[in-house]
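Protein sequence lines correspond, in order, to chains C and E.
Under full-length UniProt numbering, think of the first position of the first sequence as 1, with each following residue one higher.
Under full-length UniProt numbering, think of the first position of the second sequence as 1, with each following residue one higher.
Hints are computed from structural coordinates only; laboratory data are not their basis.
Accuracy of the hints is not assured; some may be wrong.
What the hints assert, rightly or not - Reference excerpt, derived from the structure (chain E facing chain C, CB under 10 Å, subset only):
#: 1; residue: D146
#: 2; residue: D155
#: 3; residue: G180
#: 4; residue: D194
#: 5; residue: R198
#: 6; residue: G255
#: 7; residue: F264
To be verified - A short, non-exhaustive set of chain E residues, derived as facing chain C with CB atoms under 10 Å:
#: 8; residue: R41
#: 9; residue: F99
#: 10; residue: G189
#: 11; residue: P199
#: 12; residue: Y203
#: 13; residue: R206
#: 14; residue: R228
#: 15; residue: R250
#: 16; residue: G257
No residue lacks a Cβ here, since even glycine has one placed at the ideal position from N, Cα and C.
One-letter residues, chain by chain:
There are 2 protein chains.
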Amino acid sequence: MNTNTAYVHGYSSQETRRLGDQADTLATLLHAGTAYPVGSRVLEVGCGVGAQTVHLVRNSPGARIVAVDRSEESLAQARAHLATQEPGAEVTWRTADLFHLPFPARSFDHVFACFVLEHLPAPGRALAALRRVLRPGGTLTVIEGDHGSVLFHPDSHRAHEVIGHQVRLQAAAGGNALLGRQLQPLLRGAGFGDVVIRPRTVYADRTRPSMVEGFTRKTFIAMVESVRDDALGAGLTTAADWDRGIADLRLTADGDGTFHYTFFKAVAVNPGP
Amino acid sequence: MNTNTAYVHGYSSQETRRLGDQADTLATLLHAGTAYPVGSRVLEVGCGVGAQTVHLVRNSPGARIVAVDRSEESLAQARAHLATQEPGAEVTWRTADLFHLPFPARSFDHVFACFVLEHLPAPGRALAALRRVLRPGGTLTVIEGDHGSVLFHPDSHRAHEVIGHQVRLQAAAGGNALLGRQLQPLLRGAGFGDVVIRPRTVYADRTRPSMVEGFTRKTFIAMVESVRDDALGAGLTTAADWDRGIADLRLTADGDGTFHYTFFKAVAVNPGP
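Please build the complete structure, drawing on both the sequences and the hints.
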């Protein structure tokens, strides 16, 4: 069984659309409380295609935002996305690896990372790398999901199985789709202080059609569906079982269906050296 | 395998303490937004030992609250609890079965039921019985948990197993510990309109010691622990496996542990006949 795939979110135009949909639908939920002062130096790491950058810019006019990603292709898409969505925004874009950030120590007042740690084999080491570029007293904001929080009606063992395959593929690629619950110990372990975790819960049913469409269908189910070929290629499941699981998952977005997911938003302070 | 036990929450003094702790810790979370006008006729069904009644009274001074439960013993405890906590409160106490409420149709402006449907074999029929006593335009508020939302660190298969035994015992007794996700279709199915469901998420870690103590330890773990004898008697598990599962669950309330649970709060309107 080969689960050693190179699956990472965000590397197709379909994925780009999905990540845009996700951020637009969840923006209020995820970005509430995140606004940086005019003139403050803010680093967004792993900005990807700019899905969150556009909300940082909107919520923190006047902040000096630097956005980095290790993928030049993603950065090009992020620039284009911002040019369309926030034409006047001045964002500094840099191609860089999170573990080798090209900035002196203490360069930033605030650091922001959304859906980044979940893809990294060494999230604790990543947090230490972020602390290096943060001034003492500066804040780090981290947002992560946790697939263990998924709950839906009608319940379906087959639907949970396809989600489990996505979790396994992400783990095989060195990531962790169950990371949200670990933010508190990870941040403490990396030397951050005043760690505060807040759950941000998505609930969708027929009375919230934009959440059903934007989150249940276009974000969550789309994300799971995107690993179909990898799951089959890795021998995790059969096409028939996969398709039955996805069909069951789609029922949660129809008629009487309900869907629940929790994100975890952490804010922590760099206490200094 | 005999899982046909008579397990119901609230029938021991330890349970009474547990339910009191639970309500006090969760009161802000669960009761936020629930305040009834002066003079309005409010029915609380399944008030049990009065754990929620005390908060209804506090948040709705001047409302005419009638609290019913089918257990005279619970009602006696509820009276005593209110007499201690809210000495001046005027609550009308009635022993009654939810399915045979001794009130004319349309007797109440508002009905409130917290952690009641989860114990009933026919929650849809129960909701219809509640709609009968509610005037057209009156509201029903229902709060239920859903054990499918449980998520913790450190993760543990054995801990999830003991929770699963509690779910199975509650199902065998005719209840459903996974009911929260179904509130939307249940309320619609019973003829209610304007159904709005809001998730109310509990998150506990070392930075929230009162939630760790009041919810993780004294509410959730205590509830699971209370079915130990039933689980062993039903042959669901061995004493050794049970104890290992509980020990793992306790780790989620220590040191780096984290714990997450979502309640679902529904408000719906009786559109009339």
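Please name the hints from earlier in the document that this structure breaks, with their numbers sorted from lowest to highest. 8, 9, 14, 15
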